[in-house]
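Required output: the full structure, derived from the provided sequences and hints.
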Amino acid sequence: MPPPPPRWIHWARWVRRNHRGARWQWNAWQMFLLPTPFGWVYGGALVALFLFAANYQLSLAYLLLFVSAAFGVTAAVQTVRVAHGVTFIAQPPEWVFAGDPVTWTLSWHAPLDAQGSAVTVSALTPQRQVVACRVLFDGAAGVVTLALPTDRRGAYPAPYFALSTTLPWGLFRAWAVWRPPHTAWAVPQPLPDAPPLPRTIAPHATAVTHGREQPGEGVDWGDWRAAHPGEPLRRVHMRQLARRGDLWLAETTAPTAPSDETVWLRFEAAAGANLEEKLACLAAWVVHADALGLRYGLALPGLSLAPGRGVAHKTAALLQLAQYEERR
Amino acid sequence: MSGPSHPSGSWIRQAWPRVASMLTPPTFPVAAWVPCVAAGALAWGLHAAALPLLWNGVVALLLVGTLARFLFAVRWPRWLPTGVALAAFAAIRPIYGYGFGQETGLALLFAAFWLKGWEATTARDLRGWGLTALFLLAAAFLRSQSPLYAAAVLTGWLVVVVGWAQAARVEWGLATALRQLPTLARHTAVTLIASLPLVLLLFVLVPRLDRPLWGVPQDATQALSGLSETIAPGAVSALALSDAVAFTLTWEEAAPAPSELYFRAVVLPHYDGTTWRPAPEEMLERQSAQPRARATPATDVSPAAVRTPAASDRPHQSPAADAVRDQTAPSDAPFATRRFSLLLAPQPIPWLPVPERTVALVGAAGARPWHDGRWLSDRPLLERTLWSGDVQLTDRWPESLTATQARQLTALPPNQNPRAQALGQRIAREHPSAAARLAAIEDAFRAANLRYTLYPPLMTDHAADQTLFDVQAGFCEHFANAFAVVARAAGLPTRLVAGYQGATFNPVDRSWVVRHADAHAWAEVWLDGEWRRVDPTRWTAPERITLGSDAALRSELPLVRAAWLDQPWLAALRQRLWAWQRQWDLWVVGFDAARQRALLARFGWESGDWRWAVSGALLIAAATALILFARLPQPPRDPVHQAWARLTATLARRDLAPRPGEAPLAYVARAGNALPSPLAARFTALAQRYLAYRFGAATDAPHHLARDLRQLRWALICAHWPQRDGARPADVQTDPVPSSTKQEQAAR
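Line by line, the protein sequences give chains X and L. In terms of the working numbering, the first sequence opens at residue 1 and continues consecutively. In terms of the working numbering, the second sequence opens at residue 329 and continues consecutively.
Don't read these hints as lab results, they were simulated from the structure. Among these hints, one or two may not hold up.
[Said to hold, decoys possible] Computed Cβ-Cβ distance ranges for the label pairs, DEER-style:
| # | chain 1 | residue 1 | chain 2 | residue 2 | range |
| --- | --- | --- | --- | --- | --- |
| 1 | L | H1032 | X | P37 | 38 to 44 angstroms |
| 2 | L | P1006 | X | L34 | 54 to 60 angstroms |
| 3 | X | S107 | L | Q1016 | 18 to 24 angstroms |
| 4 | L | T450 | X | D113 | 14 to 20 angstroms |
| 5 | X | P37 | L | W892 | 36 to 42 angstroms |
| 6 | X | V47 | L | L482 | 57 to 63 angstroms |
| 7 | L | P1006 | X | A147 | 43 to 49 angstroms |
| 8 | L | T450 | X | H182 | 21 to 27 angstroms |
| 9 | L | A945 | X | A147 | 47 to 53 angstroms |
| 10 | L | H1032 | X | H182 | 51 to 57 angstroms |
| 11 | X | P37 | L | A977 | 35 to 41 angstroms |
Positions of the beta carbon are idealized from the N, C-alpha and C atoms, including for glycine.
Right, dumping it as structure tokens:
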């Protein structure tokens, strides 16, 4: 694996206005360039070579010194043009539950000249740790994903992605900092022991498929099965993934027959000692109601969402919860 | 955990991880280590001849260890490289006889290089390996600065850089294969060629230092060949076999005849019966004179500077020149003065082999005249140096000889060479005048009919007697030795001189080449108040003096050397090679501080001039910028934007060009209204995609979008709407018609 890029290259923020856009193209004219540790050692070796040539008065040692120095200059040029013309496109990220990692997907398109080379895509986590991923341009196009952890509900603007390389000689590191305009949303993590839905009709009146609940979960997720590659990430059971590393997928056959029952999920009715716990309870209710196929509306102080159902409605409800700020 | 039925297998399985952790880890792919090993082997090849045989053995052993690890996956215990390194360190002093020095440092570097192969596992190790190889290659220039070495070192440099590229690929987890190596080498060579202009500018413009930063280790002179400072029979014969060039000489005016060219380097007045040595006080004087010489700055060596006879250009004048100038100052009569320039190969002694009666000398290093007419360099002549000087062919060479000195110069050990001494004493009795004695000795030598040969038998004792009476053969130093013994016995103050005699003319660059084969020894006799050169070889083998050593020794020359002489084309080739070597020595190897100043002075840049510094820095910056900008590809043009621009250009031919200040959405709406319906739908959809691509959260692959835009453009061109040459465009511009109406018009 390539050497992890140093953390400080992400701090070069003064280029941010140059590189804001969903697309970013590797342009050799807009790269940062500094020697790698080996590059510094190489510079020291040049100094030593100069001392050798001067002390022994060897003209050809001078020549070797100058060849090596001029090679250093040319090597710098070659480093910034390693991936010249490669285009990266950031995909808008999916929302996640708070605590689950946001997956940033960057697709790339490489011209013929750049194919076979490699760069590193890295970003800083909220904890200032470097998350890096090598991208090998082994064809005309491909995709790279970078998972960044979340620790609270709310907005996660795209990080400053550093795209860097030390190829072909390992003497210099060329890099650029790019920030896509997208924002990822972490919605409240559903409360595990949420109270039952505040329904007006008895639960058994609807065609709930019992026995499919996961033990210990307050939410009916429908049926679960092992996920296969290529299946939509949205349906992956992220908490299961985070806890045990298994990929589980919610069965879409689970939704029951549409019901005309309408549930109002009210802030006052939610359990919890503080705002976050109440929002978590509401999130649990939204997930539960969606799984049951109910029509549900959201009522919070200063905010209300008309009843509805379906994926878009669920997303809208959860995003409202993610964005909610208590008005004082 | 496993069953007791397989106790041995279980034991191995349990112990293996612990054993494996004590062994060096597995190695790289072949293509990653081959360049470094090749560069190291090349460096070793350049140094091997100068390393002691025993140390070459040690290095070979370490190389075998490295190859065993790489080729046969032998895993050495982790402590072994450390142990071997300590052993090699301890072996340095017994093998070399001393601990600290340049040669021992190099030897240890070689050992360290091959030991590194025993444990190298990471890309970092590979890079350190390459750097070590680079230093070993650079150190090869201590051995020789010939074009061959330059080519070899440059090749090695290329291989090292390829090794670094492989290290980077290993680090990045990219595939490394042997068949990539030629491609990588070509890539590196192209890089090198791209940086050549910068190399040239750096080489010419970066200021050189005209003296070392600090003293170099004393054993730096070990590898040099040349005259030695003593003569014992047999010492010069090894030199006579060497065809290497000692120095080349050019004369400004007519050159003297080669037979009259004597280059004095070593004067040996002290004789102990077997060996001629310099005067014992000489070393002391040289050391005490050193600080004074240090203070003298090296002066300009450019021919232009030498041509002006200003006193400042001549830091030192021989006393002879002063004397002559005093005698003739009023008349300023023309002297038989000849000016020469001399390119001297590195040599172990500080005495400069300049022509007899050189009265002025300037060069890269300072030089001082000695009281016996020789010239002493201020510093060791470890590199090629260029000298310019004047030869004054005056009649008298003013020198003095005290009675004590005369007594010392006629002293002979009584128990050596009794017959030669008896001969000398007899001549002294028979001839009262010194000149007559000298003539009598010449007669005796001619009568002895001595044979000139390069392979006389060993004469350890009574060498003069054996040369004259028993063997009756020898070469220059035997004859000079025999003559000096007889002359001293005859009461003539005599000393031995060693240097070079004769030169070979090279018509290619009109220079005179003096080889080590031209090394010669003769005598000087104090006669009539001056030292007079007496060359007994002239009496016994005149062809050595008139035709040169090769002609005199033709029958004894090795076959290869004889071929140089016999084949005209080979002789021409040799002359061509000499001329090339001279140019190489002058402009590449000999490009030192003085030469740099001389070159830049031609362009009007004086040394220390701020304009030099500024212009040089600007030129170097320009070359760097040239590399940067010429090698950087232009920012790639966005294919989508390009396709959109061409689409709007096509629309503009239908008078649907975007108007200045028109918002993109407004333009799309206007153009969409003007287009026929199927095209309008396609256009609007594509324009939305394009706008999302340019200004929004793009998800389109640029190549797909560009392709679609291009297809739409072709559809527009092929569509029969509106005709380019029709009168309609004016109407369309002023009065946009609904597309359906237009379609009807087009259909009609």
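These are the hints, each one checked on the structure:
Look at L/H1032 against X/P37: about 42 angstroms separates their beta carbons, and that is inside 38 to 44 angstroms. The hinted window of 54 to 60 angstroms between L/P1006 and X/L34 holds, with their beta carbons roughly 55 angstroms apart. The hinted window of 18 to 24 angstroms between X/S107 and L/Q1016 holds, with their beta carbons roughly 20 angstroms apart. Our hint of 14 to 20 angstroms for L/T450 and X/D113 is violated, since their Cβ atoms are close to 30 angstroms apart.
Distance hint check: the CB atoms of X/P37 and L/W892 are about 54 angstroms apart, inconsistent with the given range 36 to 42 angstroms. The beta-carbon spacing between X/V47 and L/L482, approximately 21 angstroms, falls outside the hinted interval of 57 to 63 angstroms. Between L/P1006 and X/A147 the CB atoms are about 45 angstroms apart, so this pair conforms to the stated range of 43 to 49 angstroms. Under the hint 21 to 27 angstroms, the C-beta atoms of L/T450 and X/H182, about 38 angstroms apart, miss the expected range.
Look at L/A945 against X/A147: about 50 angstroms separates their beta carbons, and that is inside 47 to 53 angstroms. Taking the beta carbon of each, L/H1032 and X/H182 are about 21 angstroms apart, not inside 51 to 57 angstroms as hinted. A beta carbon spacing of about 51 angstroms between X/P37 and L/A977 contradicts the range 35 to 41 angstroms that was offered as a hint.
In this structure, the earlier hints numbered 4, 5, 6, 8, 10 and 11 are contradicted, and the remaining ones agree with it.
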